[in-house]
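Protein chains in written order, with the numbering used here: chain A, 2 to 121; chain B, 15 to 126.
The set of hints was computed from the structure by calculation and includes no laboratory data. Be careful, since some hints might not be right.
Stated by the list, open to error - Taking CB as the label site, the calculated pair distances span:
| id | chain 1 | residue 1 | chain 2 | residue 2 | range |
| --- | --- | --- | --- | --- | --- |
| 1 | A | G103 | B | Q61 | 20 to 30 Å |
| 2 | B | V102 | A | P42 | 32 to 42 Å |
| 3 | B | S26 | A | P42 | 21 to 31 Å |
Yeah, the Cβ is synthetic: ideal placement off N, Cα and C, and Gly gets one too.
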Amino acid sequence: EVQVVESGGGLVQPGGSLRLSCAGSGFTFSDYHMDWFRQAPGKGLEWIGRTKRTSHNIIEYAASVKGRFTISRDDSKSSVYLQMNSLKTEDTAVYFCARDGGRGPDFDDWGQGTLVTVSS
Amino acid sequence: DIVMTQSPLSLSVTPGEPASISCRSSQTLLHSNGNNYVDWYLQKPGQSPQLLFYMSSIRAPGVPDRFSGSGSGTEFTLRISRVEAEDVGVYYCMQGLEIPRTFGPGTKVNIK
Chain A
2 EVQVVESGGG LVQPGGSLRL SCAGSGFTFS DYHMDWFRQA PGKGLEWIGR TKRTSHNIIE
62 YAASVKGRFT ISRDDSKSSV YLQMNSLKTE DTAVYFCARD GGRGPDFDDW GQGTLVTVSS
Chain B
15 DIVMTQSPLS LSVTPGEPAS ISCRSSQTLL HSNGNNYVDW YLQKPGQSPQ LLFYMSSIRA
75 PGVPDRFSGS GSGTEFTLRI SRVEAEDVGV YYCMQGLEIP RTFGPGTKVN IK
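Model the full structure from these sequences, guided by the hints.
So this is what it looks like as C-alpha cells:
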C-alpha cells in the first residue's frame, strides 16, 4: 500500500526555523516527483514546491517561499524534507506532501498533513 | 502565474440530483501534445485532498463513475450525475501545465 506520512510540525516564533519530513512507503521513492503544499486555516490549497525524481535533479519553488524554504530528498530513506527558515505568521498552515503519479501531474497520494503555527 | 477560477463557490444539492462545477484558467491548459493539464481534487471534511481526475477527464482509480470531468483550453467542468452524502466537501481544480501549480479557490458542496 502506498503511504505518505509527514512529521515535524509545531509551534515556532516568527523568524524561527522548522524542518518537516515526509516519508514514503509502498513504492519506489526515487522514481517519483514529490511536492509540498500548504493550507492556511480555513483557506484553499497552495503549492509550495517540488523535487523531481532523482534522475532529473530539479527542485522548484513558489515565489512566496523561494529563498526561505529549501526542499531536499534522501532516496535512501524514502524521504523528502522541507526546511523552513525566516518563518512569518502567514506561513501558519497545515503542510502536506504528495506523490506525483507522473501522469499529468496527478497527486495521487497525500499525507495527512502536519500543522505549523508561527506565533509569538 | 496561471489564475484558476471556479464557480459556484458553494453548492447545496439534494441527494440523487446532479451537480456541476465550472473551472476556468487565465490561459490555455492545452499542451501541444493534445493533453489538457488540469486536475480535480476533493477534500472531504477533516481529510487530505484526494485526486478525482487528471488531464481533465481521466478518472483516478477508485473514483465512482457518477463523477465525470470534461473541458479543454480554458474551460473545464466537473459533473456529478447523482450526488450522494459522501460527496460533501470542497472541490478544487488545479492546473498542471506550468510551475507554479495553481489551484482554484474551491467549491464547497453540501447536502440539502
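Each hint, compared with the structure:
1. G103/A - Q61/B: 20 to 30 Å: Cβ of G103/A to Cβ of Q61/B: about 23 Å, so the range 20 to 30 Å holds.
2. V102/B - P42/A: 32 to 42 Å: violated, 20 Å
3. S26/B - P42/A: 21 to 31 Å: About 24 Å separates the Cβ atoms of S26/B and P42/A, which means 21 to 31 Å holds.
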